[in-house]
Amino acid sequence: MKIKRVKITPILFMLPTVLFLGLFIYIPLIQNFYNSFFEFSVFSQTKEFVGLSKFKQLFADGVALTALNNNVKYAIISVILQVFFALVLAAILEDKFFRRFAQVFRVIYFMPVMISISVIALLFGFVYNPQIGLLNSFLELIGLEQFAKPWLGNSTTAIYSVIAMSQWQSIGLITMLFIVSIQKIPKDLYEAAEIDGAGKIRRFFSVTVPQVKEATFVNLLVTVTGSILVFNEPYILTNGGPGNSSMTLAIHMYQTGFVKDDMGYASTLASLIFLLSAVFALIQIKVSKTGKEE
Amino acid sequence: MKKYLCFLVVILASSMFLAACSSSNESNGESSDGDTVVIDFFHRWPNEPRKSFYDEKIAEFEKQHPNVKINVDSVLNDSYKEKIKVLVSNDDLPDVFTSWSDTFAANLVSSGRIMELNDVMAEDTEWSGNIIESQYAGFTFDDVTYGIPFTVDGKAFFYNKQIFEENNIEVPGSYDELIDALDQLKKAGYETPLVEGLTNGWAISHYMGTIFDRVIANDILLKDYNTETGEYTDPGYIRGLEIFKELTTYMGEVSTAIDHEAARNMFAAGEVPVLYMQFAEVGYVQDAGDVEFGFFNFPEVEDGDGRPKSLTGAPEGWMLSKNAPPEAVEFLKFLTSEETAKEFTKADGQLNAIKGGVTEETSNPTSLEAYQIILDASDATPWFDNAVDISIADVFMRGGQELATDQTTPEEIMAKVQEAAAKLRNQ
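Chain order of the listed sequences is C and V. Numbering of the first sequence is given in our numbering, commencing with residue 1 and proceeding in unit increments. Numbering of the second sequence is given in our numbering, commencing with residue 1001 and proceeding in unit increments.
No lab work stands behind these hints: they were computed from the structure. Heads up, the beta-carbon is just placed ideally off N, CA and C, and yes, glycines get one too.
Computed list of lysine to aspartate or glutamate pairs in DMTMM-like fashion (alpha-carbon distance at most 20 Å, straight line):
1) C/Lys149 - V/Glu1253
2) C/Lys260 - V/Glu1082
3) C/Lys260 - V/Glu1228
Computed footprint of chain V on chain C, listed as stretches where at least three residues anywhere in the stretch have a Cβ under 8 Å from a Cβ of chain V:
4) 117-131
5) 150-156
6) 251-263
Partner residues aside, some chain C positions facing chain V, computed with beta carbon under 8 Å:
7) Gly241
8) Pro242
9) Gly243
Based on the sequences and whatever the hints tell you, model everything.
Put into structure tokens, the structure is as follows:
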């Protein structure tokens, strides 16, 4: 009798979470996979089974390829700037010499994180404005007017302009997470390294980097999956244009579904996005062997 | 035993919560407290002066009908198109809402969730007969009318009279003369004599629709715009895209990075002498600057097979959800009454489809001139993004941006269009 009681309490505690996770995450996920085998529109109430033809369409879809390409660019730049550069930034801010100003800098770097992305996108719309924008005005001011261009209206610069804005916003958060992690490193490790004659750079690579492995993993996961899911920034700034030059998978999915009214194919794209993020997460979990702190 | 009871309570509580979730959106026209009727009203003018106009009208209607409470919601243009689709797919349509005519209306109607208005119109001919007959067409499918037209509109080149006079430029009567005029303006120092906010896909589609109507025979267009027969193989499309490309060369690099509103402000500030705009924008231009402007229709293309004098433009109007309460019909009549129409044109400057709604009292000479152009137009060409399936329009709109940035050729765009059309035919 006693054993039974012990078994039911944890179930009761977990039930609400399991129920809601199932209802709002897993059931829609399965439903989405199921939908990608059908041809249907938002206006119609009937669905037509089309088998794997939506997946065939995916492989012949040039726009999806452009979008995937842009997502990969997003991921690579984000990893370099947000994860690597943020770690360096965090290490500098936690350095003995910088401690005095650290508070001020932390606030400066963290400020953009607290502003809503829509506001930031509108703000950067002004920054990038070809006629009255800050960026072009600044370039003219320092005598580099030959580099001034319509940043968001040029198909080669549009996606990079969007990515740049993203970095500006997110780097503060990642830096913060690293700072917390660096503060947990025992001081004697640094002292021992110093006694052994290690310089600042050596201490960074030999002590800080290995000690923040867990945080690095989390940050990598956040930035890479974030790059695959990215929607707001390019949607508000460029709507994927000019042409399809700054299209991302999420915008393509959204437009296929709600603008072009092909819900089946939109579901297929959603499945692709899910698979990509799941695969990346699994690889990262595997490679970093996280959860087993040494 | 106590534990089992606990378990049961949790199950019950969560299922009740879920039930509450699922039934929350069935509020259409239901009484909320006793005998108050709630009407959901959704329009696409969160900007002034129209927002205030509708807010005032709502207050007036509520005063006349103390038992009615109107919930209003509004979002702009592109967001509106998307939001209404989400609402219709969830069977969550507002009781009264804005709709464009032609394919936009047809799509909504295909959901089977829009109220048929034939009976309502037949019952009150005094009201329904006071609306310009021809404007019903875009809302009527298989002899059933699903929408009441309210605003009428047309698209023309607005030009800065002063700049044209200063440089001795005549109003162009043909496409070649238009190019001539633009060249002259360029020589006179206007780096971008023509401008457009090409980040807005619809602005590109308006150009395309008009140009195609000039260069391609109407029967071919009608065949192609129909999703079941569209092939888009006529060489006129290539010619049309070339014309569009030529025009973008006068817009400069800026055009792909700005929106239509920015372009309009440039025109109103006198920086740009020519802009392709809707008559609905007359008020905005007058408010934003003090340039003296006139308009001319997109000129005839000499070697074109299309209609040289047709006017691009279509009415917008109101639709009702199938489940809307009778009070919503009252509200619809109120919104499209002659009195409202008069006040509307006076307050907003926009032209409307109600007889007696546009007079010398309610609008200025510029608007009256525009109204006359609409009434006199030989034929009306619907907005291109409403005339064709959105997957076709999307290829043209994104292709237009790529043309302007030298990323593609007319032939490449047409290949994609033909592919999209083939897919639609096989559906």
